[in-house]
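Protein chains in written order, with the UniProt record's numbering: chain L, 1 to 476; chain B, 1 to 197.
Be careful, since some hints might not be right.
To be verified - The list that follows gives simulated cross-link-like pairs (lysine to any residue, SDA-like), each with its CA atoms no further than 20 Å apart:
no., chain 1, residue 1, chain 2, residue 2
1, B, LYS184, L, VAL16
2, B, LYS2, B, THR129
3, L, LYS10, B, GLU137
4, L, LYS329, B, ARG47
5, B, LYS107, L, THR70
6, L, LYS329, B, LEU46
7, L, LYS283, L, LYS112
8, B, LYS184, L, GLY206
9, B, LYS107, L, ARG51
10, L, LYS112, L, THR70
11, B, LYS107, B, LYS184
12, L, LYS10, B, LEU46
13, B, LYS107, L, PRO429
14, B, LYS158, B, LYS184
15, B, LYS158, B, ASP176
16, B, LYS107, L, LYS10
17, B, LYS173, L, LYS283
Quick caveat, the hints were computed from the structure, so don't treat them as lab data. Keep in mind it's a predicted model, so treat the numbers as computed, not measured.
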Amino acid sequence: MSTPQTLYEKIWNAHVVEQRDDGTCLIFIDRHLVHEVTSPQAFEGLRAAGRRVRRPDLTLAVPDHNLPTTARLDSHGQPIPIADPESAQQLEALERNAPEFGIDYINASDAKQGIVHVVGPEQGFSLPGTTIVCGDSHTACHGGLGALAFGIGTSEVEHVLATQTLQLTRSKSMEVRVEGELRAGVSAKDVVLHITGVLGAAGGSGHVIEYTGSVIRALSVEGRLTISNMAIEHGARAGLVAPDDTTFAYIKGRPMAPSGANWDAAVAYWRTLATDPGATYDKVVSIDAADIAPSVTWGTSPEDVLPITGIVPDPSAFADPSKQEAARKSLDYMGLTPGTRMTDIEVQNIFIGSCTNSRIEDLRAAAEILKGRKKAANVKWAIVVPGSGLVKQQAEDEGLDRIFTDAGFEWREPGCSACLGMNPDKVPPGERCASTSNRNFVGRQGPGARTHLVSPAMAAAAAVTGRLTDVREFAS
Amino acid sequence: MKAISRVEGRAYPVGLKNIDTDVIIPAVWLKTISRVGLGKGAFESLRAVPGNVFDDPEYAGAPILIAGDNFGCGSSREHAAWAMADMGISAVIAPSFSDIFSGNAFKNGLLAIVLPQAAIDRLMEVARTDDIHIDLETQTVTTPFQDRFEFEIDPFRKHCLINGVDEIGLTLKSSDAISVYEAKLSADRPWLAPNPV
């Protein structure tokens, strides 16, 4: 009998092209997603060296980071140019590079366009058991399908384009087991915020994390993608959820996914991937679902997580002196005083979107809170940015867009939007935003912007009251 | 990659933990299609604070930066490494680095050196007045005060850094092995070929 293996080990072993004596492996990459920000220098490098893209058929390009989320076509159906010249130049570079190197390209006004990490799973491009890379750290997202997916830098983008491989050393493995039953008002986002609070921003460094346990098993694929998406926020190289019937039902029939006899062969293979009984991880962390409340961040690191019922911490209460200093700086930046109840913090901006929370299930959860309600007067800016054109279409078919606009939200075109402050969607300096995105770093949503990370339902609740709010107050 | 084996000079004593990529280079600077010129956006939010070390003439042109745990956490943007190289930094010393940053630094010949917190504390002290020396061959960080700290580095990375190896060129030597793997993959898992979008 062979040695029991983890899901990570199985995927890793299946992708080793060569192993060197020092342990470094040449790993084959099954899927490469390309966007406009981290690719121009890689294509330029290929051109300078006279190299081609080895496997354009395994590569898919779609713009997302720079795109304004306002209308893309004018009244004659013609594309509206991007006003910012630098953003326009990056988009043009991708529009030029993709056909030049023979790569499939989804253009900015295509209904299939969206955030790469929404598009990959939605199109059936991302599959269980595959290796997936993209020049974006939230590539970990695709691990929700049971793929070994991770972010890479531009030099590695160029390396994958040229060779369809990466030189890698194996990471350590960690199991994060979440058992029990989620309490009312607690979503996948709250679970991953809680995990990040428990592990810390560097807790997963050097590890690939497999999320297991009854809570993860019970989640939809959308929820699993949300959790794996934020693996990087606790420092992990990648996140993984073992593929199961829920996964297969999600993938079946998607345009780029296997079909017919190939489908059956694929499912048979995917069923062999789950971690074997008796396989061991380098580290195991257990979390009780009963300990997870609707959560919110107070500081400028995703590890700064509290239950919404909590109070702003006193920096001197942290045991670690460097954390004390970091907390003081965070509170200064966030304009918060220790002892303040989180629910007393007013917000002026609401952002529902990002690769963490812009799928149909996320929009439904927010719309459920907003139905028949309006945003508070002190909320100046509230936007919903669907993760893709197809999510947008589906939401409109379900009438969700009307619920949002009736509540005073703007209904936007898909893209990364206010998650990262590099397109026109920014939070003004000194103002707060209840945001469904993944990072509350200093300046992340714009210079001086103050971010509180929350779930879609919590963002909707904050919009209604104009302050951070316990979504359970809205329980019907 | 340009070859690198030794770095010596002053060091910015930053010391903070969890310095993320948005602090190293904010997203608004990523709208470039070039690898150079990002130094002027580096550490923008830290530089906005009066009295910061980056604008202190004492440290002008320092080739080393000393930081706390989890340096470079966050985004995969290689612009973080490019921005630091553009401002003249050749090495960062910290108790830990994010995995992606560490890889990006390596690809750009920027040394990411891991030393325990006690060594960091001592180097922070030295950095305020004196030079720090890093020798990749002997894997040591030394000071004029007889401090000597040894660090670990992956042997493959060390070889590439010292010899300035073109990693893509190196991998392309394995083209045949990649072709063999691809052929086996098509036979074993034919369903992996995606339908065109």
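These are the hints, each one checked on the structure:
1. B:LYS184 to L:VAL16: Within the cut-off at roughly 12 Å; holds.
2. B:LYS2 to B:THR129: violated (29 Å)
3. L:LYS10 to B:GLU137: violated (36 Å)
4. L:LYS329 to B:ARG47: holds (14 Å)
5. B:LYS107 to L:THR70: Violated, at about 37 Å.
6. L:LYS329 to B:LEU46: holds (11 Å)
7. L:LYS283 to L:LYS112: Answer violated: L:LYS283 to L:LYS112 is near 39 Å, above 20 Å.
8. B:LYS184 to L:GLY206: violated (30 Å)
9. B:LYS107 to L:ARG51: holds (18 Å)
10. L:LYS112 to L:THR70: Cα-Cα ~17 Å, so holds.
11. B:LYS107 to B:LYS184: With a Cα-Cα distance of about 30 Å, the restraint between B:LYS107 and B:LYS184 is violated, given a limit of 20 Å.
12. L:LYS10 to B:LEU46: Given that 20 Å is the threshold and the Cα spacing comes to 43 Å, the pair is violated.
13. B:LYS107 to L:PRO429: Violated, at roughly 35 Å.
14. B:LYS158 to B:LYS184: Outside the cut-off at roughly 33 Å; violated.
15. B:LYS158 to B:ASP176: Violated: B:LYS158 and B:ASP176 sit about 26 Å apart, past 20 Å.
16. B:LYS107 to L:LYS10: violated (28 Å)
17. B:LYS173 to L:LYS283: The given pair, whose Cα atoms are some 37 Å apart, is violated under the 20 Å limit.
The earlier numbered hints that this structure contradicts are 2, 3, 5, 7, 8, 11, 12, 13, 14, 15, 16 and 17.
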